[in-house]
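Trainee: Below, each chain spelled out in residue letters.
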Amino acid sequence: MNPDSYDARRLLDQLETQIARAQENATAVAAVAGWGEAANGQVKVCVGPSGVLKKVELDPRAMRMASEDLAASIVEAARGAERAAAASIREIYSSTDTGGIDVAAVAQGEYDPSADIEQRLAKAREALRQAG
Amino acid sequence: MTVKGDPDGMIKVARRVLAEPYAYVERAESTMEGPCRLPALAFGVAPSIFLAGPYDDARDAVARATGAGADTLKSMASGFANVAVAMGGAEQANTLAPSRPPLPNTDIQSDGSDSASTEAALFGAEVFLMADWVATGGVLATCGILAPAALASVLAWALVEPDDASLSQAISAWMSAGRDLDSSSKYLELELGPLDDAWPSEDTSRQAFDRWKIPFDQDFEQLQGDPDKVAEALSGAVDKVHEVQTDFFFLAAGTLAAIIVLTALDAVPFVNIGAEATKEILGVTLSIETGSTVLVIAGICKDAFDALKGMVGTPGSFDMSKPGQQKIPDFKQLPPIQWATA
Numbered sequence: 001m002n003p004d005s006y007d008a009r010r011l012l013d014q015l016e017t018q019i020a021r022a023q024e025n026a027t028a029v030a031a032v033a034g035w036g037e038a039a040n041g042q043v044k045v046c047v048g049p050s051g052v053l054k055k056v057e058l059d060p061r062a063m064r065m066a067s068e069d070l071a072a073s074i075v076e077a078a079r080g081a082e083r084a085a086a087a088s089i090r091e092i093y094s095s096t097d098t099g100g101i102d103v104a105a106v107a108q109g110e111y112d113p114s115a116d117i118e119q120r121l122a123k124a125r126e127a128l129r130q131a132g
Numbered sequence: 001m002t003v004k005g006d007p008d009g010m011i012k013v014a015r016r017v018l019a020e021p022y023a024y025v026e027r028a029e030s031t032m033e034g035p036c037r038l039p040a041l042a043f044g045v046a047p048s049i050f051l052a053g054p055y056d057d058a059r060d061a062v063a064r065a066t067g068a069g070a071d072t073l074k075s076m077a078s079g080f081a082n083v084a085v086a087m088g089g090a091e092q093a094n095t096l097a098p099s100r101p102p103l104p105n106t107d108i109q110s111d112g113s114d115s116a117s118t119e120a121a122l123f124g125a126e127v128f129l130m131a132d133w134v135a136t137g138g139v140l141a142t143c144g145i146l147a148p149a150a151l152a153s154v155l156a157w158a159l160v161e162p163d164d165a166s167l168s169q170a171i172s173a174w175m176s177a178g179r180d181l182d183s184s185s186k187y188l189e190l191e192l193g194p195l196d197d198a199w200p201s202e203d204t205s206r207q208a209f210d211r212w213k214i215p216f217d218q219d220f221e222q223l224q225g226d227p228d229k230v231a232e233a234l235s236g237a238v239d240k241v242h243e244v245q246t247d248f249f250f251l252a253a254g255t256l257a258a259i260i261v262l263t264a265l266d267a268v269p270f271v272n273i274g275a276e277a278t279k280e281i282l283g284v285t286l287s288i289e290t291g292s293t294v295l296v297i298a299g300i301c302k303d304a305f306d307a308l309k310g311m312v313g314t315p316g317s318f319d320m321s322k323p324g325q326q327k328i329p330d331f332k333q334l335p336p337i338q339w340a341t342a
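Heads up: the protein sequence lines correspond to chains A and B, in order.
The opening residue of the first sequence carries number 1 in my numbering; numbering runs sequentially from there.
The opening residue of the second sequence carries number 1 in my numbering; numbering runs sequentially from there.
Here chain A stands alone, though its shape is the one from the complex (with noise of 0.2 Å):
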């Protein structure tokens, strides 16, 4: 958008895109599942977008593994899941501008703005100091 060439209607078309955009993106989003793997595939576990738990599948052979080392494969598989969940959200994303917002942090509950607000608040209080 340039403000120097302000157009109304040309504006809210813009807007009406991005919002269009924004709607696929969150489907598709929805539509997101995760795989993560551990013991040689022989633990598959499926996340949602925000990393719940959708499906865990075992190999028989993986119940012969020790009850420790079952739990701890579940245990990476889940992360290897939210991983690949992260990596599908932000390829999603990819071409949008999000504002400069990890979604994929935010949907995993893994977003912190605190960071990013306070850079944004120092850069006003700049703004102000060279102002004043």
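Calculated from the structure, these hints are not laboratory results.
Every residue, glycine too, gets a C-beta built ideally from N, C-alpha and C.
Check before you lean on any hint, since a few could be wrong.
To be verified - Distance windows between CB atoms, simulated:
| no. | chain 1 | residue 1 | chain 2 | residue 2 | range |
| --- | --- | --- | --- | --- | --- |
| 1 | B | Glu280 | A | Glu68 | 54 to 62 Å |
| 2 | A | Ala122 | B | Met130 | 24 to 32 Å |
| 3 | A | Ala30 | B | Ile145 | 20 to 28 Å |
| 4 | B | Asp247 | A | Glu68 | 14 to 22 Å |
| 5 | B | Pro148 | A | Glu16 | 17 to 25 Å |
Add chain B to chain A, keeping to what the hints say.
Mentor: For chain B alone, kept in the frame of chain A given last:
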């Protein structure tokens, strides 16, 4: 006292001084008293506190100096007529009056029409702050709809609503006044040319005039520069505000992009990422940033108008200055015109 020379030639010069040279200065003064006036809200409510006093003081001081310059041209013409009488001419100074020669139209933009805009653009006086302001206001309003915490930004942004028409008019009016003073100066030099034939340089009255003209020229030269200084101060403020507005527009557009993404995600069933809190934080941040941008714009205006305060100077400083060396020319400090009796 008898003065040698050509009284008819002197009267002719006196009449010519009261034609274009006087008419251009008179029009410059009337421009400063009229179209150069700037509404206090030209840059919005927030900067108005810094605008009203210093700008009006500077405009008034330059207008008064220009009026004094016009009076001095009249006195110069009267002085020439008195010299003509001393040469044996019949016409008295009190029979002289300014003529009203037709002058080319000014280039002052005042009605926002296309032709006026073209002229204003030609002289670099067209202001486009409103388009930025409206575009940014639209983005902020959309942010406010999607994230109510950003609504405060809309209110803050309203404090710097610019008045493009008034700013364009004032800047182009100052430029026009400056050009009128330049024209006056050029015509004056042209019209004073025949003096050399009519008024011998060895005459003591002519020598008195030549001595008088040195500080007059200094004052007039200084006066010619003053409208440009004010126009530059205004244009500079407009340019800086434009830069700040553009930067802030892109910042607000980025925040809007983030808010739209989060809103869309929040609306999809089963995703449920709890984006409201992040939107709230973004909205509050945007409102704070808007507030700081408003203060930055007010600061830009304050700097620009503080510079104008420097033009006017402090009361009493004129007494310490010699003609041609004050911050604002003071034609009343010129030596009295008594060339014919010198």
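Trainee: Would you mind marking each hint as holding or not holding in the structure?
Mentor: Hints versus structure:
1. B:Glu280 x A:Glu68: 54 to 62 Å: violated, 43 Å
2. A:Ala122 x B:Met130: 24 to 32 Å: holds, 30 Å
3. A:Ala30 x B:Ile145: 20 to 28 Å: holds, 23 Å
4. B:Asp247 x A:Glu68: 14 to 22 Å: violated, 57 Å
5. B:Pro148 x A:Glu16: 17 to 25 Å: holds, 21 Å
In summary, the numbered hints that this structure violates are 1 and 4.
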